[in-house]
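Residues per chain are reported as follows:
There are 2 protein chains.
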Amino acid sequence: MKILITGGAGFLGQQLARALLDRGSLRLAGGEAKVDRIVCFDQGAGALQDARVEYRTGDIADPATVRGLIDRDTAVVVHLAAVVSGGAEADFDLGMRVNLDGTRLLLDACRTAGHQPRVLFTSSIAVFGGDLPAVVTDATTPTPQGSYGIQKLVGELLVADYSRKGYIDGRAVRVPTVVVRPGAPNAAASGFASGIIREPLAGVAAILPVEPATKMWVASPRAVVGMFLHALELSPQDWGWNRSINLPGLVVSMEEELAALREVGGDAAVALVRHQPDEKVLKLVRTWAANFDTARALAMGFRADPDFATIVRAYIEDNPTAIKLPGVRRSA
Amino acid sequence: MKILITGGAGFLGQQLARALLDRGSLRLAGGEAKVDRIVCFDQGAGALQDARVEYRTGDIADPATVRGLIDRDTAVVVHLAAVVSGGAEADFDLGMRVNLDGTRLLLDACRTAGHQPRVLFTSSIAVFGGDLPAVVTDATTPTPQGSYGIQKLVGELLVADYSRKGYIDGRAVRVPTVVVRPGAPNAAASGFASGIIREPLAGVAAILPVEPATKMWVASPRAVVGMFLHALELSPQDWGWNRSINLPGLVVSMEEELAALREVGGDAAVALVRHQPDEKVLKLVRTWAANFDTARALAMGFRADPDFATIVRAYIEDNPTAIKLPGVRRSA
Ligand SMILES: NC(=O)c1ccc[n+]([C@@H]2O[C@H](COP(=O)([O-])OP(=O)(O)OC[C@H]3O[C@@H](n4cnc5c(N)ncnc54)[C@H](O)[C@@H]3O)[C@@H](O)[C@H]2O)c1
Ligand SMILES: NC(=O)c1ccc[n+]([C@@H]2O[C@H](COP(=O)([O-])OP(=O)(O)OC[C@H]3O[C@@H](n4cnc5c(N)ncnc54)[C@H](O)[C@@H]3O)[C@@H](O)[C@H]2O)c1
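Note that the protein sequences, when read in sequence, are chains W and H.
Reminder that position 170 of the first sequence reads as 170 in the UniProt record's numbering, one-by-one numbering, no gaps.
Reminder that position 72 of the second sequence reads as 72 in the UniProt record's numbering, one-by-one numbering, no gaps.
Looking at chain W on its own, in the form it has when it is part of the complex (with noise of 0.2 Å):
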């Protein structure tokens, strides 16, 4: 079997694609299949080498590269390509023609392959936003206040409509913010929920550009990527056809994040953290949604992560090249 995924070469996406090498397969409505072939598309390669990973680079909102990604040997499809929320809201164009014209073609591409492939979308909690209460639910409508949840709502509408038409097998996660992102800083306005972890641990300083009580929705990269394994064995039965589901996370305040930093790093680590407010960011962050009752998705076998150590365990063990400032505990 044969396994594409878009942004291929992205964080996300190259630790999915090590997930599925180690597993070696996934279990699908034929039995187990096995992981033959697994296509990073992006825009570069990644630094993930393997006998079965095949980089391919180009533009996921151009007709033609999109048209030539699918084969008949194309069981699944993940659909990571995206630009990100701050990038979204910065350049409106290139995420309407990324987000919303590159989802569409990468679903058609998948239609005009015939053989319903099933297909992974990654939504995000950005699509709930505005008057919100004080716990979503499953029940709660998405109501986007930002040009990248408007986009990833569309894609899920879209995923669940070719799925009514038996175009594709389609399921969308709506993703915690996932901390802790090891690497630069990117575009998304969530950036210093990983950075004030990250930047100590590197023996880098940080900024806190939000109250240390602010509270975010987040879940580990582990967590994330063992979530979009099951979110692709679920059959179709399970999901029924509401295609598309809040996944577990963590609630956790920035003050915790500084916690379980001084744990593993002590009143040093926490020393490089700087309490600096940006409007801009506040402004963003006061319409997101920091807590969630994901019923329909525990009962569904969604997990996320214990505690919010651990996710900083995890971490560390991940990226031991990364942790640079004295004195670090690897361990519990």
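Because the hints were derived from the structure by calculation, they are not lab data.
All residues carry an ideal CB built from backbone N, CA and C; glycine is no exception.
Watch out, some of these pointers could steer you wrong.
As the list claims (entries may be wrong) - Coverage of chain W stretches by chain H, computed from C-beta distances (three or more under 8 Å per stretch; other residues unrestricted): (1) 132-143; (2) 147-157; (3) 161-171.
Said to hold, decoys possible - Simulated DEER-style distance windows between Cβ atoms: (4) Arg67/W x Ala309/H: 50 to 60 Å; (5) Gly30/H x His115/W: 55 to 65 Å; (6) Gly30/H x Arg286/W: 26 to 36 Å; (7) Ala134/H x Glu233/W: 29 to 39 Å.
Said to hold, decoys possible - Here are the simulated EDC-like pairs of lysine to aspartate or glutamate, each with C-alpha atoms no more than 16 Å apart in a straight line: (8) Lys165/W x Glu89/H; (9) Lys165/H x Asp93/W; (10) Lys280/H x Glu211/H.
Assemble chain H with the ligands onto chain W, guided by the hints.
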């Protein structure tokens, strides 16, 4: 002031143009704005003739055409051009092209014009479907079960985001099934709700393809056009960030429709309606929402018809030449 009506040669487009001419002005931000010119854009011309009405023909999904539709004088745009429910379900690509691409092109033309035109988007209660509560409220999540509903909901989301970005001053109304629709039946799956009144009054047989107890959420053309004007005259502050609204209407069962028909046309009229269940129509109708609590719209001043008998009498008054059954009572 210039007003653009897309789908302006259609049923509601013609009624709206007539109402705008009769009114002569609209209460906009700068006070009463005189209706100097109405541009009715459609695939063909309409019957209404007036010195202030200009017909332009073309395809709403053609970029060059749509770019030419809006200039600095176009203060108001009402977007009615659409492939209706049955049509969008039967021809997926046509629905996507007209309902999705067409809407986006129009919004982009408004954005390019640069003066933030006031845009009314006509959505539909077909955005609701699936496992619905007995009464749909302002908090009910739209989960469309047809391509038409999906495309309308995507249109709403784009209107919301273009408004938030300041590209347009948009508002979207979810229109109940408009009854009684005059003239020939169209491709809307809900057509029978008009047909079982219209055809008998014309002395023609009609088919009721659903159970007589089937309920629908309806409004008269007069009420709907009145609510379009109201939606346009409300200020951006009245709307706030939530630019979509469920319009008030009436719950009516097909039995109640037949009772109203008997009142004006007697047993002879009702005898022309034959109950002949159609599984395809039944399947669709079962997913529709029939009862709404439209608290927000009522608070914003939207008003529907008082009862179904009033709707039938208005139809008879407005369409005298379509009434051919002998002995029809023309007033209460
Ligand atoms: N990381 C999170 O916190 C988070 C939260 C919610 C949702 N998501 C979603 O998960 C997906 C993956 O996120 P990530 O964190 O790995 O982001 P990422 O930015 O690391 O990866 C996205 C990839 O898409 C690629 N891409 C962008 N434009 C492209 C184009 N025009 N053509 C081809 N490729 C293009 C980028 O090169 C990048 O490698 C995204 O869709 C994102 O919206 C992520
Ligand atoms: N009538 C209802 O019960 C009802 C209910 C809910 C929503 N609506 C919406 O209200 C609007 C008007 O409805 P209506 O009942 O007047 O329908 P209608 O079919 O009479 O009018 C729609 C018009 O759009 C035009 N059109 C279609 N494709 C076009 C294209 N490619 N380019 C240019 N014009 C095109 C048609 O020629 C037609 O005149 C529609 O958007 C409809 O979805 C109607």
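Right, here's what the structure says about each hint:
1. Counting residues of the stretch 132-143 of chain W whose CB falls under 8 Å from any CB of chain H gives 5; the rule of at least 3 is met.
2. Counting residues of the stretch 147-157 of chain W whose C-beta sits closer than 8 Å to any C-beta of chain H gives 5, which meets the bar of three, so the coverage hint holds.
3. Restraint check on the stretch 161-171 of chain W versus chain H: 3 residues with Cβ-Cβ distances below 8 Å, three needed, restraint holds.
4. Checked against the hint of 50 to 60 Å, the C-beta distance between Arg67/W and Ala309/H comes to roughly 56 Å, which is consistent with it.
5. A C-beta distance of roughly 58 Å is found between Gly30/H and His115/W, which places it inside the suggested range of 55 to 65 Å.
6. Judged by the Cβ atoms, the range 26 to 36 Å given for Gly30/H and Arg286/W holds: they are separated by roughly 33 Å.
7. At about 35 Å, the CB distance of Ala134/H to Glu233/W agrees with the hint of 29 to 39 Å.
8. Taking the CA atoms of Lys165/W and Glu89/H, the gap is about 9 Å. The hint holds against a cut of 16 Å.
9. Among the hinted pairs, Lys165/H with Asp93/W is consistent with the structure: their alpha-carbon atoms are about 12 Å apart, no more than 16 Å.
10. Only pairs whose Cα atoms come within 16 Å are accepted, and Lys280/H paired with Glu211/H is accepted, the gap being roughly 13 Å.
The structure shown violates none of the earlier numbered hints.
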